[in-house]
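Undergrad: The chain contents come next:
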Amino acid sequence: MDEPRPVWQRMHVDPWLLLGLLALCGIGLAVLYSASGEDLATVIRQGTRMLMGLAVMVIIAQFPPAFFSRLSPLLYIVGVILLIILNYHGTGRGAHRWLDLGFMRFQPAEIMKIAVPLVCARFMAAGPLPPTLPRLLLAAILILVPAVLIAEQPDLGTGALIGVAGAVVLFLAGLRWRYIAGIAAVGLAALIPLWTLMHDYQRQRILTLLDPEADPLGTGYHIIQSVIAVGSGGLFGKGWLQGTQSRLEFLPERHTDFIFAVLCEEFGFIGAVTLIALYCAVIWRGLAIALAAQDSFGRLLAGSIALTLFVYVFVNVGMVIGQLPVVGVPLPFVSYGGTAAVTLMAGFGILMSIHTHRRRVSLFL
Amino acid sequence: MPQFLSFRDRQSEVRIARSRVFVATALMILMLFALLARLAYLQIVRHDHYTTLSRDNRVKIVPVAPTRGLIFSRDGILLADNRPSFRLQVVPERIEDMREALAKVSTVVDLTPSDIERFQRLRKRKRSFDTVPLRFNLTEEEVARFSVDRHRFPGFEVTASLTRHYPVGAPLVHAVGYVGRIDEDDLDGLDPDNYSATTHIGKIGVEQYYEATLHGRVGLDQVEVNSQGRTLRVLDSKPPGPGATIRLTIDTRLQAAATRALGDRRGAVVAIDPNTGEVLALVSTPTFDPNPFVNGISAALFGDLRDSPDRPLFNRALQAAYPPGSTLKPLMALAGLHYGLRSPADGTWCPGWFALDNDPHRYRCWNKWGHGRMVMREAIAQSCDVYFYQLALDLGIDRMHDFLDMFGLGRRTRIDLPGEAAGVNPSRAWKRKARNLPWYPGETLIAGIGQGFHTTTPLQLAQAAAVIASRGTLMQPHLVSRIETADGKATPTVVRPRRVLADLDPKAWDSVIDAMHAVVQGPTGTARRSAEGAPYEYAGKTGTSQLFGIRQNEEIETEDIEERLRDHALFIAFAPLDRPEIALAVIVENGASGSGSAAPVARKVLDEYFLRMGHSRRTAQNG
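From first to last, the protein sequence lines are chains F and V. So the first sequence is numbered by the working numbering: it starts at 1 and just counts up by one. So the second sequence is numbered by the working numbering: it starts at 366 and just counts up by one.
Since the hints were derived computationally from the structure, they do not count as laboratory data. Possibly wrong hints are sitting among the right ones.
Unchecked claim - Using C-beta positions, here's what the derived DEER-type ranges look like: (1) V:424 with F:152: 42 to 48 Å; (2) V:602 with F:337: 39 to 45 Å; (3) F:195 with V:392: 21 to 27 Å.
Backbone N, C-alpha and C define an ideal beta-carbon position, used for all residues, glycine too.
The task is simple: from the sequences and hints, build the whole structure.
TA: Written out as structure tokens, the structure reads:
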């Protein structure tokens, strides 16, 4: 009964998750090297951020889940306040709203990626499951306030993804199917007014998806060039550093949102499937942690973090291969960019925390 | 047991979560399947298609302009070559705001409104990713200024290219012509592929006539470009086929001598080798420097040339048709012999005028005192008009027309130069057609001395002189003796002789040639003064084409007539007498008299030919 815990558990690190994330980061850096035009400085900068992210992950994993549960309302309220401030006083334009803190700049939207599932999980876990309708409506407000604020920035993609992260918590909490059907019906009905409320460029992105050739030099250019990059990669790819679409700069946003196209061009179908399989492994491990969690809070939170990762990957890959509209969603751990990587790592830190701060007593229940 | 778990149905919560994770996993598998299916479709099924698109993205076909063929003179002087120069060109596709971009680039490179206007015009005819020239002949300083700041001007580039240059320039411009930038009118008839990299095209002269020969075949480079269209490397190259070198029949020494002899007068000289039809000299004055035309002549300079009353742009040698005047008389004499209306010994009495029955009008001889009895030799030597009035009357206009037609009067010589005028060789049918009027007998008389409706180009006159000189062989005049392609193949121009009056008694030719000899070197010849001291024998005929009708019985001294209203002076000549090598026609506009103005020009050209160019003087006796 008092057998020593394994060394990983004492370090509060999950080796499988760590391995998967390291592999994803490694692939990301290799593709980034090619996408940046063999710019080692870029790769080093990104590698440094990843190490920072890993450090953050390990540090976060040292705290028990209850700590995050207690912290979540504060985090959420601060995040919402920052978003409100930002919408009036932020620096940067459009989808790249930053808050300048003097020593660093960051996007409050990144906080909400963690804060929304946290606060939802806490709120759901605090009551009976499946949740009652009044509690569901409250939860919906909790989710929609930050999601709408972010969509207003305007960053529809991030806003939608935060909404999804919260919705996944409700789904795992046992949201009744009839409510799901109701929401789906309302959602479909809302499409028309939503369409009229959208910004022109957002509408254009969706129209472009339907017919990219209609505007080959404008909005369609991204999709056309990306699909050419993917398709010309073939089964085995053109080889590392050999992708003409990316290296001759035909591919836009090739080291950020469209980096998956670079991977597809240089490593082909095999490379793409390998990367997706790696994501699946990480997600699978996350879901396993959720199912093994000892309480609802951990279960809901872990499940949300794992499933949100899938949504990110699906949205990004779908965009790159021309199945989904162009939304500014990076490919987790692979796309170049600092804050997103750290936020993701923080999420996985919480996953590890849930898995490694287990109470022995629960083993016998 | 921790108390916060006590009131909850943990088993049920776990069950719910399990089932939800199961549903989510099923959903994810479906979505993954959609992604993988699309990936497989793009990367495996449609791989070839996208490989082509990717290749089309990066590989561009860039046309390479061929080097234009050189032009040499008969005596080996380079008349047209290609020299390196820098030009600024634009890829419109890469420029968002063209007006702003042009304003920006004009801070380092001078751009005139006409540069911009031409650029906008050319741009309309090109595809947006084609390069369009904006400025030619950049100075070294402009190139340097642009290069330092080149990153500020995306879509602009300075390229070194070859530009046409005419080392000899003005004296040959009416023969060689010049190239100019392709404009909209030129584009219509051009092969757009072969000319895709070409900016210049022959505008006049040999440059225009032999455009296809001189131009060459376009080359094609397959280059790898990045998304900005910048060339990264050449993948494959099909080099251009340079244009062929052209050797002209024109001798620069003779050309220069003729140009000098005309001096600052308006006129033309055409010299032909009667044995071959080779044009040895083709001069029209005033002349002008072709070099400013190559890269766009300034409006001011062009305006001066266009508006000058001397009309330097006009190629008098073949575009101007003048009444041939008395230069027609040797042909008239031949016609008399040919139709059996005259023998050389037949005489006509010249009282100084001639009158038709039922016509009070007196047709005057230039010698109002009368020549007395004229036989053919004297009638030609002294240019008696009355003799030829009578002959014309005997021939009738239609026979005259048919006869002169054999010498090429009234039809284009089909020389290898553009823009040739046909002149007029009148007949009843012609007058009916052109003027819708009947033919009047008086007009026959006038036609007999080369006035009235007759007009001929200097080139036609030279050709007619050559036919007389060769005793009835018409060789088509031409300017190009040989075309040498880059692969070393040389094609000489071959002209088939055409016999004229093959059945005419050789003595008839001799008597007319003898009479023409008497014009210059006989005691009574009209041009005898201009031939004084010539160490070689030649034959000629003076002519004067009237511009200004002088009423009968009116005495007007030539000096009193305003210069521009004076008669044109003409002279045809050939030499040596027995085996002629050179035949020529001279016209001096408003030169007043053939003997006074035109014959001395011919003498100077012949002197150059025989005395300085070292041609044989087989029949030279006087020297």
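Undergrad: All hints, please: hold or fail.
TA: Hint check:
no. : hint                         : in the structure
1   : V:424 with F:152: 42 to 48 Å : holds, 45 Å
2   : V:602 with F:337: 39 to 45 Å : holds, 42 Å
3   : F:195 with V:392: 21 to 27 Å : holds, 25 Å
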